[in-house]
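Using the sequences plus the hints, can you model the full thing?
Residue numbers (the numbering used here), protein chains in the order written: chain U, -11 to 271; chain S, -11 to 271; chain A, -11 to 271; chain E, -11 to 271.
Misleading hints may appear alongside valid ones.
[To be verified] Label-pair distances were calculated between CB atoms; the ranges are: (1) U/68 - E/194: 38 to 48 Å; (2) E/77 - U/225: 41 to 51 Å; (3) U/189 - A/117: 51 to 61 Å; (4) E/214 - S/143: 38 to 48 Å.
It is worth saying that the hints were derived from the structure and are not from the lab. Built from N, CA and C at the ideal position, the CB exists for glycine as well.
Protein chains: 4
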Amino acid sequence: MTVATLLVQCTDRTGIVANLTNFVAEYGGNILDLDQHTDEETRRFFMRLVWSMERFSLGREEVPAALRILAKKFDDFSFDLSFADDRRRVAILCSRTPHCLYDLLLRHRMGELEGEIVVVVSNHADLKEVPEHFGLPFVHIPADADRAAVEARQQAVFEQYGIDLIVLARYMQVLSPELCARWPRQIINIHHSFLPAFVGARPYHQAKARGVKVIGATAHYVTADLDQGPIIEQDVVRVSHRDTVDDLVRKGRDLERQVLSRAVRAHLQRRVLLEGNRTIVFS
Amino acid sequence: MTVATLLVQCTDRTGIVANLTNFVAEYGGNILDLDQHTDEETRRFFMRLVWSMERFSLGREEVPAALRILAKKFDDFSFDLSFADDRRRVAILCSRTPHCLYDLLLRHRMGELEGEIVVVVSNHADLKEVPEHFGLPFVHIPADADRAAVEARQQAVFEQYGIDLIVLARYMQVLSPELCARWPRQIINIHHSFLPAFVGARPYHQAKARGVKVIGATAHYVTADLDQGPIIEQDVVRVSHRDTVDDLVRKGRDLERQVLSRAVRAHLQRRVLLEGNRTIVFS
Amino acid sequence: MTVATLLVQCTDRTGIVANLTNFVAEYGGNILDLDQHTDEETRRFFMRLVWSMERFSLGREEVPAALRILAKKFDDFSFDLSFADDRRRVAILCSRTPHCLYDLLLRHRMGELEGEIVVVVSNHADLKEVPEHFGLPFVHIPADADRAAVEARQQAVFEQYGIDLIVLARYMQVLSPELCARWPRQIINIHHSFLPAFVGARPYHQAKARGVKVIGATAHYVTADLDQGPIIEQDVVRVSHRDTVDDLVRKGRDLERQVLSRAVRAHLQRRVLLEGNRTIVFS
Amino acid sequence: MTVATLLVQCTDRTGIVANLTNFVAEYGGNILDLDQHTDEETRRFFMRLVWSMERFSLGREEVPAALRILAKKFDDFSFDLSFADDRRRVAILCSRTPHCLYDLLLRHRMGELEGEIVVVVSNHADLKEVPEHFGLPFVHIPADADRAAVEARQQAVFEQYGIDLIVLARYMQVLSPELCARWPRQIINIHHSFLPAFVGARPYHQAKARGVKVIGATAHYVTADLDQGPIIEQDVVRVSHRDTVDDLVRKGRDLERQVLSRAVRAHLQRRVLLEGNRTIVFS
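Right, dumping it as structure tokens:
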């Protein structure tokens, strides 16, 4: 049984939900999940609609055209349609720290992620054996003074593997604005603080210095503005005066891997929409 | 602007969402919120649909008849319709502990609860001044060997005040099966443990004896089976070997008042449906 | 039975714990609680020592002199000694929002706070009936262009009531540097964000604009630097795209009152020490 | 620099802390950490004392005799002494589910555990490659109708590797009372519920059936009574009506691995003491 997932956004008005659910029902689709949201300020409408294609009388290649006709009834209507077997292809970028990498690869193996991790790229060779243990290729592209050359090599790998999503699993290099622009809403990073607190380098040291009682981690889409992209997921853990910076790093690792994996999972399940610099994450 | 809230349940089949959202759209209603759920095992469908009546061309007294006609298309269809200004009338039953009582009354005053607390009934006189401070009547009905007589007096108060919901805010008496049967899904209790752990009396003592590292509180609908009714909300807090039973009681108070208030709030917002002995709480 | 609580800090070296616990044991005191901490970077030692005075052969007025002699063995030794019946006297400053005020007054009545709330001061008359319901005096000192005059009146009230601790329970005025300096480590404020994120005004609006998935509250000692004082306690709650600013305010209220009350409770139990701009909170 | 960790328990009386800290100070030891607890009901005293051996004038083999002399001053005094380089040797028992196994092995590699995982034993061959990837031996001992024979083979492995601690990382076999008796307080299990709720088989199914809003995991020492041993650590996660049993299993995996690893870490750091069927876990 194939399942279709439709993400829609448009200016809010009467009848949108009825029109879309009618469309599904008229062709024999059974709705499996529906979530919607209207932003109070901007009056923008967002919907995620999931239906079974089992007895759906339109072929999947016919659906987009039908939706484009439907769209004419509404203002600023845009949509994203996918099918459960269109599994997005994921590249992981990492450096030397293995915890997020293991976490993603193990979840992938256990079937928690609705996508395919297909390649792991790193600026160091340290973690080479990790993807290999999970049966995945590892590509070593060392960092270099010539960032453009490095990114060209990375881009070639992404193209070779037909990548849809890039996950920065504690990748310790800043991406160029050009690379960010080429992959809008397709790069997810984990920042090891509760953003917007402690932007930039060494957030655990900053947290220790400020004497906070809770530390956090934040998964966000990467934009050209460092640590300023739309937040997908965050979580926190309590700390105390007894925790050294090393303890914060250790406690933070547990947060980082969970927060990053939840964000990647939500993205791959097509649960994340964007309104300006904020996300709507349908649960 | 009046807002209508419709809760629906029926056997799942194609077209339910379309039919109901069409119904709203055809008469000019704008959907403000929609949440739905199909139980995987029982194939039962549940929906909560909220729309603005501002330009709705049916009068509110005409809606039920229209829904009954619509219902004929579906199996085992039942619905519950209400309007934002139909505020449910709430009685609180308490004994001697004030924390849940203050919490509910303060939230009521601050406009957090979509209902009206109209009377406080207690088997003790200790808390008399609390409802009075909030401008509400207090009725003292002492416990007595003749439980039937006590409950008859309580029932008379509930009828006098036109009560829709009874909240047991740490009320230390067990209700008779008759009273439970008379108010199905209309009595909410707070039990001071993480059910089903520590059913019955003195749960904090039980928790201390077992050496748990987390304690909880559970808000549930009251049925004739003690502490077995459908769970609406639960939450927990960490404890350690340093916590005496008195500390558990103190930490538990914070949980109890929050968990009870969240459950009452969800009930009054018509977010709670029942499937057998389980609740669906739309968020 | 009287209980003594001693807070000590000095430069770390061998034998401090032995010296202090020996001192208690030699005079017949039984240690009830002991917690200690040495800061890794600064090598500064902190201890909280609680013992029963029941069979202690020194009178309580003799203890400080004995400690001063002991102190000569150590570097930069300072201490704070108190007895369980020296209950600190607390003034609450509030404005119009009642939730933190009710929370503190109810906990006080239920015996959760080891201190005495003795007066409530506000720049508005709205909450007059709240302290009166709890049997406490209310003093109305309206805000005024002449802040110095207002603060002089407040100071007179604090002196009249013999105040040891000032709690800002959502008090919506900024205190002058002079007032802050007069009450070092004796003013506790609740800020409605997870500091250092969202310093300053309207933090819930800032949180909504940034699209965070978790909001927080922070209790801290007030210093002349707005929202920069030492953090005593913090906590957070999850939010989503569905939460409007009003929802954040409502959810935040639950956090604020709990975080503030925990900080006040810890302070009154003499559990809080300071190292620079950070707190050590012994649990 | 070697560090000594001393766990002590005895009947509470005046002077215990002074005697022990004096002992350390007299021989030139610097106390690095001290935590103590007296049980209110049983009046039993517990302490964990950590000191630097750097300038300690007793050799480590002399310390036990000195402590035994000291012990004569107190009633029912028992102690457990260890040094940081006495790293406990750990065997992991698992079946087919890899998440707890990976978690422990990765934390071991990253230096989070103060012990040595030296062998992995399983009743299935499925996870063979996991310990091998981490450079550890894997021993396959299939389950069999003759449990005694199986356990004899396991015991032989434990003896061969000089095991101090057995960790059941989702091991799906019940241990015999004889095996439990041979390894008292040396076997840690992870149970996939918030004990004492949902003892026994298929706790996630039980949780779904009861309709709880929070699920948990519990790490405990194994005794002959199934799921009744002393609880070391517990934690929980929220669930809703949307979560199927499969979702509970998935969410539970994150809990299980964290709760188990925290318990193992605390045990290896000698932070766990027992009072009857309850643990004291010094933080």
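Using the Cβ atoms, figure out if residue 77 of chain E sits within 41 to 51 Å of residue 225 of chain U.
Violated, since residue 77 of chain E and residue 225 of chain U (Cβ atoms, about 30 Å apart) do not stay within the stated range.
CB of residue 68 of chain U to CB of residue 194 of chain E, is that within 38 to 48 Å?
39 Å, holds
CB of residue 189 of chain U to CB of residue 117 of chain A, is that within 51 to 61 Å?
52 Å, holds
Range first: 38 to 48 Å. Now tell me if the beta carbons of residue 214 of chain E and residue 143 of chain S are that far apart.
46 Å, holds
The structure is inconsistent with hint 2 alone, although it conforms to all the rest.
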